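Chemist: So you can see what is in the structure, the chains are spelled out below.
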Amino acid sequence: MTTAAITEVDQATTRIAVQQRRAPAPYMNPYLAGVGLGLVLLTAFITMGHGLGASGGVVSIVGAGVQTVAPGHAANSEFFRPYLGTTPGGTLGTWLVLELAGIFIGGFVSALLAGRLKRGITGRQIGASPRLLTAVAGGAVMGFATRLARGCTSGQGLTGGALLNVGSWAFMLALFAGAYLVAGLVRRQWT
Amino acid sequence: MINRMLGLTALVLGGAAVLAPASRVTDPATAESIPAHHDAIEAESLAARIMENGTAGLTLVDLRSQSAFESYHIPGAMWLGAADPGQARLPVATIVVLYDEAEESAARAWLLLKAQGYSRVYVLAGGLAAWDEQVLHPSLPPGMSHRAEEEFAARLERSRFFGGSPVPAPSRPISVPRPRPDSTRRDKESFDIGPGGCFY
Amino acid sequence: MDLTAPFYQAGVLGPRSGLVVAMLIGAAFGFFLERAGLGNGRKLASQFYLNDLTVFKVMFSAILTALLGLFWLGQAGVLDVSLILLSPTYLVPQVIGGLLFGAGFVIGGYCPGTSCVAAATGKLDALVVFAGMMAGILLYGEIYPAIRPFAESTSMGRISFPALLSVRPGIVVGIVTLLALGGFALAGRIEKSRGNRLVQPE
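These protein sequence lines are chains F, A and C, in that order. Going by our numbering, the first residue of the first sequence is number 1, and it counts up by one from there. Going by our numbering, the first residue of the second sequence is number 1, and it counts up by one from there. Going by our numbering, the first residue of the third sequence is number 1, and it counts up by one from there.
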């Protein structure tokens, strides 16, 4: 083999290696991931006696924010008052807030290991600014809805689903119905 | 392949569940048992605290029936109505003290509140029955020493503070209506749910 | 055998160690959400265009796993299921909440948990969804006195299907198992009929 050929092979191998490092790993089998999530949920039941949640932690964060900006207003708020106070770590030291922080960390680690960390905006084919507008609007409607429903896909969907909770199953059916009804309006963003 | 194995496992476990006998935790006798662990506060220390500072920083929750609450409650206590104590929005920043006639429904409410993240929740040890005996109607044992008499004087003061009537010798207190048994088991008629409310 | 779990209720776990456990559990939760691809807004939204039914598959296999686990641990006498917190049902507010939630989900592209995962992996829009969610919760908190009578209407207490239907829990567990497995088979056929347009990582 000539030196040139060796160099060429060398370069090709380097390129493949770089590509392999950059190419994101495929997603896990959804059923296996589901079983994994189910076992995490089961662990939560066994250790803490209650299931998972995500939106509940956000309420504590918002409550802490209101408390910082307007302490008097927070103390008088019928809604936020019960969330403020003296759990071992203050308003933010609750299970749900720490669990939320954990979700953030776990998601980051998984994406890091799989080469799926990538900055960007999803659904930006409608333009970045319109997309951020739909994001904030969708988020606001959803946030409002979590309080009416007393939970989200984690707290009602997964947790209440596994506990055969009547309200949770009603919530889940309504969730899918609502999403399928509205999906047509934002089709351009996603397909 | 993996999917089939998972599906088959689920089918076997789910099918067997249909045939499984009702589990023992759904047995009303066990499901209604008092949780093994809860934090309690003694009637005398609660009384001392209220006499010193009033109910500031305290949330006293009366879990008995409305008629029992109306005929007597610890001063400053609140009655939750028919509401599930686990759903009540109590001020988190205070020490919550729960009481009922004995300890049963208070212990269950303790569990519900703890599970919701309330950190300082206590059950009145022995319930209102203990409060009744130790605070409202302290009795004067016959033939007691001088020092005990002095202590008893303090107890008399405390008893009057809370509207009770001390009795000079061990006997049945009379002025406070005794708990009626019908109001102890609050959720019995609804279903045999445990303190967490989960049923299966 | 003595019932020893839930550990927190049994006093094995204190409030502080409970917080550490909560964080670890959250991390495992976030990990599996990302593994499944649920940190990708396009994959989540594809559920509602029937192109990629990963959301359904993951959600219901998780529910089924936890459901069967709870049932059989309870049967074995290891876990006192009656101590697990069941959140109370308010039927109409929860149905309205579900409809709004579904609408917000498909417009925003993420649900609360998955928005955290996606934000952690660098998606700006997910972070904006999270901010919007905080605004929505703030709004709810501000108008709460007005909305409270509705939010607390149609209260059914803490109730699960076995209690509602007065049947043995095992029967409901069996029915849910069959429904879920049937759903998985159907999901596979739908995806196939749409040409297996599954969303891949970018």
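In short, the hints are calculated from the structure, not lab data. Keep in mind that this is a model prediction, so the values were computed, not measured. Idealized CB from N, CA, C, for every residue including glycine. It is possible that some hints are incorrect.
[To be verified] Example chain C residues on the side facing chain F (calculated, C-beta under 8 Å, incomplete):
#1 L19
#2 M23
#3 R42
#4 A62
#5 S87
#6 T89
#7 L91
#8 I107
#9 P149
#10 E152
#11 I159
#12 I190
#13 G195
Chemist: It remains to establish, for every hint, whether it holds in the given structure.
Modeler: Results of checking the hints against the structure:
Hint status for C/L19 relative to chain F: holds, with the closest Cβ pair at about 5 Å, below 8 Å. Taking 8 Å as the C-beta contact cut-off toward chain F, the hint placing C/M23 at the interface holds, the least distance being around 4 Å. For C/R42, the interface hint holds, since its Cβ comes within 8 Å of a Cβ in chain F; the closest pair sits about 6 Å apart. Satisfaction of the interface hint for C/A62 is found here, the shortest Cβ-Cβ separation to chain F being roughly 4 Å, below the 8 Å cut-off.
The beta carbon of C/S87 comes within 6 Å of a beta carbon in chain F, closer than 8 Å, and the hint placing it at the interface holds. A hinted interface residue such as C/T89 counts as satisfied when its beta carbon comes closer than 8 Å to some beta carbon of chain F; here the least separation is about 3 Å, so the hint holds. Because the beta carbon of C/L91 sits about 6 Å from the nearest beta carbon in chain F, less than 8 Å, this interface hint is met. For the restraint placing C/I107 at the interface with chain F, the shortest Cβ-Cβ distance is roughly 3 Å, inside the 8 Å limit, so the hint holds.
The restraint placing C/P149 at the interface with chain F is violated, with a minimum CB-CB distance near 12 Å, outside the 8 Å limit. Annotation: C/E152 was flagged as interfacial toward chain F, and the flag is violated, the nearest CB pair being 11 Å apart, outside 8 Å. Interface restraint check for C/I159: the shortest CB-CB distance to chain F comes to about 5 Å, inside 8 Å, so the restraint holds. Because the beta carbon of C/I190 sits about 13 Å from the nearest beta carbon in chain F, more than 8 Å, this interface hint is broken.
About 13 Å separates the beta-carbon of C/G195 from the nearest beta-carbon of chain F, more than 8 Å, and the hint is not met.
Checked against the numbered hints listed earlier, the structure breaks hints 9, 10, 12 and 13; every other hint is satisfied.
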